[in-house]
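Asker: The primary structure of each chain is shown beneath.
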Amino acid sequence: MAFLIIFNVFPLLYSLGFSFTDFRASSKAAVNFVGLKNYTDILADPVIWRSFSTTLWYVIVSVSGQFVVGFGLALMLNRPIPGKGFLTTLLLLPMMLSPVVVGLFWKLIYDPSWGILNYALGLGKTAWLTDANLALYAVAITDIWMWSPFVMLLSLAGLSAVPKHLYEAASIDRASKFYTFFRITLPLVAPILLIAVIFRTMEAFKTFDIAFVMTGQPQAELISSRLYKMAFAQWQTGPASALAYIVLIMVLCITNIYVKYLNKAKER
Amino acid sequence: MRNLSKGILAGVGLMLMSSTSVLAQELTILWAEWDPANYLQELVNDYQAETGVTVTVETVPWPDFQTKAFTEFNAQGSAYDLVVGDSQWLGAGSTGGHYVELTDFVAKHNLTTTMAPATMQFYSEYPGGSGKYWSVPLEGDAVGWAYRKDWFEDPTEMANFKAKYGYDLGVPKDLKQLVDIAEFFHRPAENRYGAAVYTQVPGDAITMGVETFIFSYGGSLGDYANYKVTGLLNSAESAEGLEDYKKLYGFGPPGWGNAFFAEVNTAIAQGQVAMGMNFFAFFPSLLNEATNPQAANMGFFANPPGPRGHDFAALGGQGISLVSYSQNQEEAMKFLEWLVKDETQKKWAELGGYTAAAAILESEEFQNATPYNKAFYETMFKVRDFWALPEYAELLDEGQQAFYDYVVNGNGTAQEALDKLAVTWVDSLKAAGYPAE
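So the sequence lines, in the order shown, correspond to chains A and D.
At position 72 of the first sequence the residue is numbered 72 (this note's numbering), and the sequence of numbers has no breaks.
At position 93 of the second sequence the residue is numbered 93 (this note's numbering), and the sequence of numbers has no breaks.
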């Protein structure tokens, strides 16, 4: 409890106080109370809105991709195939790597001059990480590669918990595979899939390390990178605290929406 | 028994005294993780041999350097006695109370005349023109150019170039010629490109490249003394410089939108580019055959003047400052006394450090020591820097975004980009309490 108060509650409240001041951690100037100015300035700043909309689109692309790939892999592995254990371990490897290592590794893969991706796909000199229209997707693909195994793992747990007798009954009734999937499999694994989506949405919203090492393209700047710049490059401690609170509130709102769906799914 | 107790007490007392003394015999310098920091460690080993004081150069990777230093400053921590900080930190370091004022030290050692004047102005003085000094120039640095001598001296290339442009291929006499040369060598089908310039957004890369062109075309980033931006930053000269920088970017390798010193050296080492812009501190590795297969073919030149003769280059490098929270300030001052001595500066240059001592820079011995020292000497007398206000990081971030948006993303015109940036900078300066216009 003491640990929680010292390292979580106290900094949370302390930074809330900062968010209403013009405090700069790099300066010894007197700290002034500025009311809601930091919040109104942030919400009127087009650069921050650009980062927010970029982040939102990144979350949609990245989490959707992880869901499709992760769940698809789980369905593939939820059947008797040779070398299943080895294959599962192999597929889990990406999420065990450091995000910075993954970012640097993919930076090489994407390199327009000698990267293997352009070579393998015959894409010429496509500049994945510096093109304003591609950079965000390039980072999202990396995130999908890294975190789909997480969705796969949870999905596998959900799929293995579906009672076998339901499939047997469906088989006796000559239900089609499509019907079985949408009437038995999906409803029963939905709660655990939603949990995976909640975790990945929260994490994707906070993505920093992968994007930071992979691209400097301002059109692909995520809100965490903007927050980092404000807090630690520019030492705008007050406004940065306000932005952190806005991000926190947004993540809580999105999570709450998911939790409501989760409860509904459980009730069903 | 009483004598034994007295003896033990005396022994403990002596131990404590000697341990206090040992603690005072250590100095820690914070710097970024790069070769010059290793040279500095070698240099200070001499100081240890002379005085018995242990000096440790603690390094932090470049991306974390500013954060690490200011986190320590903000906590008023005494982990570091001296810091080799960027020139832009002067405002925040001095007004924030993190640096000890060294004006008397500078006067005592006559550093304003013994060091290259521009280095004192940009590494040490804050506010500009105030006569207040906060650091001793340590690692002089600025933007220069490396080029492929073998390509430039190839008879066929020379003949073709002359036929196309009407003058001889060689080290460019001005930046317009540099753009011509980059265009000439730009042959994507042969995986050969004209020039590698700075474009990265995190940090200060693209601004360092762009400001070199803006200054040399007769433009400016503003009047640092009077906070005037409008009409200076967005002058026709600044816009012309920015336009030509964009042209040069267009003659770079594919996907060249995230490049700083490492990427430039890599492009040169891989034989991709005819010319590469870089800070002089990164040129030694280009002469090392282990890291650059083209080492034998490398030439170097100072940033050439602009089309109307304005001759400038963006400043890099750092001065060494005394941290005001240091517990060893007296010892640190003694170290600085040793550091500014002529023989120490000479040794520093021999080890590979870029001294700012004018006499050494002007000496034949220094200029002939490496293929790039002469260009470095020429550059250190024509450097210009970015804003050094405590709020420099906000201005820098706004500049990085604006320059990138025009140069790499290709949005709008150079004039539009600078007009927009001028409005943004005036707003930011006013918000910080400066009488900007």
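Please keep in mind that the hints were generated in silico from the structure rather than gathered at the bench.
It cannot be assumed that every hint is accurate.
[To be verified] Over 10 Å on every C-beta distance to chain A, these chain D residues come out as not near it, computed from the model:
1) T71
2) T113
3) K149
4) E157
5) V201
6) K247
7) M333
8) L336
9) E391
10) E394
11) D397
12) V408
13) D419
14) V423
[As the list claims (entries may be wrong)] Here are the simulated SDA-like pairs of lysine to any residue, each with C-alpha atoms no more than 25 Å apart in a straight line:
15) D:K430 - A:N133
16) A:K266 - A:V213
17) A:K84 - A:V100
18) D:K430 - A:T201
19) D:K149 - D:K132
20) A:K125 - D:G309
21) D:K382 - D:S324
22) A:K125 - D:P188
23) D:K68 - A:V68
24) A:K28 - D:S130
25) D:K382 - D:P188
26) A:K28 - D:L396
27) D:K374 - D:A262
28) A:K107 - D:K374
29) A:K28 - D:S324
30) D:K246 - A:P94
31) D:K228 - D:Q367
32) D:K430 - A:L43
33) A:K28 - D:K132
34) D:K149 - D:S324
35) A:K28 - D:S78
36) A:K37 - A:L13
[Stated by the list, open to error] A short list of chain A residues far from chain D (calculated; beta carbon distances all over 12 Å):
37) G17
38) S113
39) L129
40) V213
Keep in mind the model is a prediction, meaning the values are calculated, not measured.
Where a beta carbon is used, it is the ideal one built from N, C-alpha and C, also for glycine.
Asker: Starting from the hint list further up, note which numbers the structure goes against and sort them upward.
Answerer: Violated hints (numbers, rising): 1, 5, 9, 10, 11, 12, 15, 16, 17, 18, 19, 20, 21, 23, 25, 28, 30, 31, 34, 38, 39, 40; every other hint is consistent with the structure.
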